[in-house]
Amino acid sequence: MKHFFTLLSHEIRMLLVSPATYVAATLFLAFMGLIFAKILEIYAGSPQEYSPAKIYFDLFWLPACVMVPLLTMKCLAEERRAGTIETLLTTPVTTTEVVLSKFGAAYLLYTLLWGSTGGFFYILQKFSGDARFLDTGPLLGGFLFIAVSGLFFVAIGVFASSVTSNQSVAGILGCVMLATLILGGNALSDSAWLEQGVLRPAKNVIDYSHVFSHRDDFTRGVIDTRHLLFYFSGTGLALIFSILSVEAKLLHS
Amino acid sequence: MPEVPTAIEVTNLVKTYGGVTAVSDISFTVAQGEIVGFLGPNGAGKSTTMRILTGYLPATSGSVKICGVPVATNPDEIKRRIGYMPENNPLPEDMRVSEYMYFRGRLKEIPRRKLSPRIDEVLEVCDLKRVRHKIIGQLSKGYRQRVGIAEAILAEPPVIIMDEPTIGLDPHQILIVRDLIASLRGRMTVIISSHILPEIEMTCDRVLIINQGRVVAQGSPAHLRREILGQSSYQLEIAGDLATLPAVLTGVDPALVVSDRQPIDGTDFHRVAVAAERNDDGGEALLAALMRHGFRVRAFSRKQPTLEDVFLAATRRSWDAIDRQKPKGGN
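Chains as they are written, first to last, in our numbering: chain A, 98 to 350; chain B, 41 to 371.
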């Protein structure tokens, strides 16, 4: 891992000089700001049962399904399309270092963007002068969930980028995979037909990988190690598959 | 004379993918400090061979050693010993030249304190100082090629591999790149592939002609001329009794024959091509005999076969060999 930090700093720099990053960041912050303003409108109209932070993180799936593919679709697909992966892998760097540096840079940007939305709550608290609006429990839990789940989501985006040399295909593939993971579990969790005997193990798997229930636990302040294990092992698996995918493409190029 | 150590040793190299044999049993060696040119038609297996030499692609069978180190078992060690410029010279479009050089220098493990002076040096050598702060995507093709070459020689590796370094350049830029490659002679072992044959002839000490994944000829350009074409020819413009010319030629050398004869309009001169089976210079004796037998000679030249002739003859010969190997009656 001698070259990891050289590659990581290069990747971060490349993300920072790319106009696409600023477009994605502006869209993300505008969208999240809009959601936040809407939440405040609802709260101003009538009293609500939950804190604004919980409602805010309920909608995490939308930016996750759109932002993550936007940030990751370019990383390996573009290197392969332009042929720069060849010059990169003929220096003393390993495929693992290349994949991890791409993952690290995209993850850093993803968490930074989410982190910057913490400013919304700070502004609300500052201008309302009411400390209750800065509900630290759900807020920290929510951001922790974003940070932990982001590892897995970004790794899926990197994997999608590793299987094709076309950015658009990588973006769509990443979006579909993330939507299947996040929304598919939610859609199937209430299905009665999965309760039948032979499908019971499948139901258990779907319940275990139900991202929305993980989010609810995190925002309630419950840090379950099973959830952590799910995201960490998923991240590891997605990254291993990304590395294998890059190397397999080399063998057959 | 002390024997020059071997920099590259390729033995029975085979690469197949998807049922297609891209490289078929190639063997060759390159001595340290030598500049070797790879020639071959498109799809001959040049780029695949070069990629295997760099450790980027694994070989199906056979062995490759760079400076005595096997590529298959020590790819990391090999990557420290080579500088590689791939086909089409892919470069990151949105980096500045100096930034790119710094990044590549760090990846190639050049110590930080040595990196800046070394970058200055290669930018100077490649005449890139004027564009060092420019974004690579905005550079002309000639500058981009030079950035690729500068990157390949940056870490001063013992072996440089360049896949078509002069492709798409104008004659002036080709001259600069040629001088640049020639300046590496003796210091680094260089393998280049090119379609521009005079380019290879002028730059390279030795040429390897590859066709259908096989080495069909190798040696110095002069050696290849002798080996592949094996004959020299003369172009004459003469007047006189042409019926006696074959006898005069036989009198000089039994190997000399008239291969072509055409009258030149409006004069009694003929343009005659004389072919010799051997590749030695018997021009003086021929000219003297013609004068002695009363021929009037107004032009006499020895036709020098170009590397292009050699290349075409060698590839044609390999095609013929492949055709002969095909089973009769088969498709």
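Treat the hints with caution; some may be incorrect.
[Unchecked claim] Below, a list of computed lysine to aspartate or glutamate pairs in the EDC-like style, where the Cα atoms sit at most 16 Å apart:
| # | chain 1 | residue 1 | chain 2 | residue 2 |
| --- | --- | --- | --- | --- |
| 1 | B | LYS148 | B | GLU127 |
| 2 | B | LYS343 | B | GLU277 |
| 3 | B | LYS148 | B | GLU196 |
| 4 | A | LYS99 | B | GLU277 |
| 5 | A | LYS99 | B | ASP293 |
| 6 | A | LYS99 | B | GLU324 |
| 7 | B | LYS105 | B | GLU49 |
| 8 | B | LYS343 | B | GLU324 |
| 9 | B | LYS181 | B | GLU127 |
[As the list claims (entries may be wrong)] Label-pair restraints from in silico Cβ distances:
| # | chain 1 | residue 1 | chain 2 | residue 2 | range |
| --- | --- | --- | --- | --- | --- |
| 10 | B | GLY259 | A | VAL266 | 42 to 50 Å |
| 11 | A | ALA141 | B | ARG152 | 55 to 63 Å |
| 12 | A | LEU348 | B | PRO294 | 57 to 65 Å |
| 13 | A | LEU348 | B | ASP65 | 14 to 22 Å |
| 14 | A | VAL114 | B | ASP65 | 28 to 36 Å |
| 15 | B | PRO157 | A | TYR219 | 42 to 50 Å |
| 16 | A | VAL114 | B | GLN72 | 18 to 26 Å |
| 17 | A | ASP227 | B | GLN178 | 48 to 56 Å |
| 18 | B | ARG172 | A | ALA244 | 51 to 59 Å |
| 19 | B | ALA112 | A | SER288 | 48 to 56 Å |
| 20 | B | GLN178 | A | VAL319 | 32 to 40 Å |
Rather than coming from a laboratory, the hints here were simulated on the basis of the structure. In this text, all values refer to a predicted model and were calculated from it rather than measured experimentally. In this text, a Cβ means the ideal position worked out from N, Cα and C, and glycines have one as well.
When the hints from earlier in the document are held up against this structure, which numbers fail? As far as the earlier hints go, 1, 4, 5, 6, 14, 16, 18, 20 are violated by this structure, in ascending order.
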